[in-house]
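Colleague: Chains A and B, in that order, give the protein sequences.
If you number the first sequence the way this note's numbering does, the last residue is 439 and the count never jumps.
If you number the second sequence the way this note's numbering does, the last residue is 439 and the count never jumps.
Accuracy of the hints is not assured; some may be wrong.
Any copy will do: because identical chains look the same in the list, a pair fits if it lies in one copy or spans two.
Computed list of lysine-lysine pairs in DSS-like fashion (alpha-carbon distance at most 27 Å, straight line) [said to hold, decoys possible]:
| no. | residue 1 | residue 2 |
| --- | --- | --- |
| 1 | LYS120 | LYS19 |
| 2 | LYS383 | LYS276 |
| 3 | LYS422 | LYS321 |
| 4 | LYS162 | LYS267 |
| 5 | LYS321 | LYS262 |
| 6 | LYS378 | LYS321 |
| 7 | LYS2 | LYS120 |
| 8 | LYS88 | LYS187 |
| 9 | LYS383 | LYS2 |
| 10 | LYS299 | LYS321 |
| 11 | LYS381 | LYS391 |
| 12 | LYS76 | LYS299 |
| 13 | LYS374 | LYS299 |
| 14 | LYS374 | LYS76 |
These are calculated hints, taken from the structure and not from any lab test.
Residues per chain are reported as follows:
There are 2 protein chains.
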Amino acid sequence: MKLDSIGDWHRTHYSVDVKPEMDGEEVTLFGWVQEIRDLGGIRFIILQDREGTIQVTVPRKKVSSEVLSKSDVLQKRYSIGVKGVVKKTEITPRKVEVIPKEIKIFSTATQCLPMDITGKTPAHIDVRLDARALDLCQEENIAVFKIQHTATEAIRDFLFEKSFIEVHTPRIIASATEGGAALFSVKYFGKKAFLAQSPQLYKEELVMSFEKVFEVGPFFRAEESHTRRHLSEFVSIDIEQAFATAEDVMQLLEQLMQYVCKIVNEKCQRELPTLKHSIEVPEVPFKRLRYDDVLQDLKRERIEIPWGEDIPTPAFRTLGKIHPYFYFITDWPTHSKAFYIKPRDDNPELCESFDLMWRRIELASGGTRIATKKLLIKRLKEKGLKPESFKHHLQAFDYGMPPHAGWAIGLERLTMMLTGKKNIREVTLYPRDRFRLTP
Amino acid sequence: MKLDSIGDWHRTHYSVDVKPEMDGEEVTLFGWVQEIRDLGGIRFIILQDREGTIQVTVPRKKVSSEVLSKSDVLQKRYSIGVKGVVKKTEITPRKVEVIPKEIKIFSTATQCLPMDITGKTPAHIDVRLDARALDLCQEENIAVFKIQHTATEAIRDFLFEKSFIEVHTPRIIASATEGGAALFSVKYFGKKAFLAQSPQLYKEELVMSFEKVFEVGPFFRAEESHTRRHLSEFVSIDIEQAFATAEDVMQLLEQLMQYVCKIVNEKCQRELPTLKHSIEVPEVPFKRLRYDDVLQDLKRERIEIPWGEDIPTPAFRTLGKIHPYFYFITDWPTHSKAFYIKPRDDNPELCESFDLMWRRIELASGGTRIATKKLLIKRLKEKGLKPESFKHHLQAFDYGMPPHAGWAIGLERLTMMLTGKKNIREVTLYPRDRFRLTP
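Isolated chain A (complex conformation) (with noise of 0.2 Å):
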């Protein structure tokens, strides 16, 4: 079939911009053929745009044969232009359809679908990951990107205006773990390298000039666990500051969730109803719990978990019924926590870190650092951690490291929660290929 070429033509609206008050006006219109009914007579093609759907209706006896012989071959997903009049109708919901002028077909699509995106007949998320280009067509899916992109945009926003800097920090690092996940290694010009699990040390070294940053990017996590809520790539958004406290980031962070919640229940509002999910503003300061209260919450709920031990995923799932929303898990035992998060002055086997739950998920954490050389040392020892391999990073500490606190949010697992997805791989933009590379 010979395909069209745009040529000078411009969108005019995006579909759902077209209403019936705009009769008789001509538009141009670009999508995707979603559906076509034909009733002899006369024909409906449902075109679909990313802000969503319209009827073009095609009267045999009132078109044009160029137009007619479009029609005709039209398929599913084939991608078309659109030129028309608007017309008022009561026959489409939306009480308005499109009759063509003319129409472009710019490319087609396969007769075997494997998925219908129309969503009345949902597909397993293995074939959906499979073609994950055809099913992010899904208005459901469009709507979990554009509540994610929202968020992002929002937390920027209000980074900015606390005169956060936003900074760059390398992904292949030439050494040093920051200890705990194991790292992924890189073959780097004959070299080994590795890739960044997070930009803790250098947004640590950075607050020493810029005093506030903040990064958003991509980091790597070797771990085999792969898990409905964890992924081997992910993004996080960091931030550090110089002279604050674990309290005045946790007071930065609950101030950042509400505003988050705030902007994407207002920017959102044909998103989330796609999704058949609300979000609630949630009133701050947020519920504080000390490690030690949960241990005392779980216990009521016949969980014994010995101090100083991890809280394991059960667990969450329990803490997550008795705290239904937002809350702070803080005061954990220090040698829990990784070797750059400063001890508790007035009791040392405790540190200043915190975690912010949602539910049973955890969305953040973050805490106090270590700004003396001397303890850094002392913890990274106690880490089985080798300082020579720190060389770089404590090399900062001799320059006047300031106090300085900051946190890490989990890109996906924010996106997890605002918009209802319970599998961390659907608000992901891996194909299935990818998965399969994990264990």
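Chain B: place on chain A using the hints.
Modeller: Showing chain B alone in chain A's frame:
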């Protein structure tokens, strides 16, 4: 030395916000000791923070013994807090000083700093990169990254306003290079994976659903070349737009460049003079030269380049002299560009691609993409690439791939243009060992 903790102190002002009009007001300042001058009866401490400096004056007889003893031990780069009273004065350039009531010392610093960060005695770039955390405390360097921050913020605002959706595509890819530059390989749970060199294939797949997408983030190129303009890891600003041609996205790009220059000029009125740099807001449209015109221009300068060959760096230097501002180079030979660039319908020898040049520097490149599977497979083969390894990408073309176009800007090069920096290492946050890694 016993260090102080922040306690309940909160910064009331940055150094630059302390004005003579505030005479008598009490302020709380945080920052670092930049210089100390002792005139016996009186001591001058220059306090530096992210925004600038201010003089803290200690008249021995008039301050408490605590303040005196604290100020006695101060050294360069100690991070401190000062609670004091603003005093109007004639003796300082900014006509203001602060008399301390209380001083807190948060951290000390080494007595032998590797460089003078006042910039009075400039250090060699390698020395600077070896102590990057300290180097970045130079007012000049803070200015560079504030300008980069302002530029990226402006780019986002511009693209949001044009309804682009920000996305996060995978960095670890299972297979399939887009050809051209080599890829870094990653050991991914026993399997071999690669680091993405661009979001090209993903962003093209996404125009079928989101229509207008953009991404800002790090990408990776395992090119042996290590020049003053190349990085093996770089930040790319990518857009892709459905139902658009090269000309459409070129117009978008030149408007964006004009907007960025305008905003940076407006918002960085302290930073640009610090760098002794100025930005001229360009007129649009930018000059458009065809590849053939460029060969002619160069021929006149006695630089002969056989048709179809790439333009070597020295030739670009000459070209930058002939065209000393922004210009596009269009209509490149098809075989010289990537497989996904659309050949011209009227002359398949040439393709609908463009580079955006600023003097000798290539700031961005883009073009109309191939939207039909058949032609894409043909081009893959011509490029010596295996269609099988693009199976997943080609599949998307069965679902109604619309005509589309896009471009990518190199953030580091844009920053060089906006800051006047000539060495790309000065606009990145990589420590020197990162560059030692490169050949």
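Colleague: Next step is simple, just say for each hint if it's right about the structure.
Modeller: Tested hints:
In this assembly of identical chains, the alpha carbons of LYS120 and LYS19 lie at most 27 Å apart only when taken from the same copy (26 Å versus 65 Å across copies). Taking CA atoms no more than 27 Å apart as the test, LYS383 paired with LYS276 passes in neither setting, with 46 Å inside one copy and 47 Å between copies. Within a single copy, LYS422 and LYS321 get their C-alpha atoms as close as 16 Å, which meets the 27 Å cut-off; across copies the closest is 57 Å, which misses it. Within a single copy, LYS162 and LYS267 get their C-alpha atoms as close as 22 Å, and across copies as close as 16 Å, so both meet the 27 Å cut-off.
In the homo-oligomer, the alpha carbons of LYS321 and LYS262 lie at most 27 Å apart inside one protomer (24 Å), although the nearest pairing across protomers, at 52 Å, exceeds that limit. Taking identical chains as interchangeable, the C-alpha atoms of LYS378 and LYS321 are never at most 27 Å apart, the minima being 39 Å within one chain and 57 Å between chains. For the homomeric pair LYS2 and LYS120, neither the shortest alpha-carbon distance inside one copy (32 Å) nor that between copies (69 Å) is at most 27 Å. Taking the closest pair of Cα atoms, LYS88 and LYS187 never come within 27 Å of each other, the shortest separation being 63 Å inside a single copy and 60 Å across copies.
In this assembly of identical chains, the alpha carbons of LYS383 and LYS2 lie at most 27 Å apart only when taken from different copies (26 Å versus 67 Å within one copy). Taking the shortest alpha-carbon separations for LYS299 and LYS321, only the intra-copy value of 14 Å comes in at or below 27 Å, while the best inter-copy value is 76 Å. Only within a single protomer do LYS381 and LYS391 lie at most 27 Å apart by alpha-carbon distance; the minimum there is 13 Å, versus 49 Å between protomers. Proximity of LYS76 and LYS299 under a CA criterion of 27 Å is satisfied in neither setting, with 57 Å inside one chain copy and 53 Å between copies.
For the identical chains of this complex, LYS374 and LYS299 are neighbours neither inside a copy (38 Å) nor across copies (64 Å), given an alpha-carbon limit of 27 Å. Taking the closest pair of Cα atoms, LYS374 and LYS76 come within 27 Å of each other only across two copies (20 Å); inside a single copy the shortest separation is 67 Å, beyond that limit.
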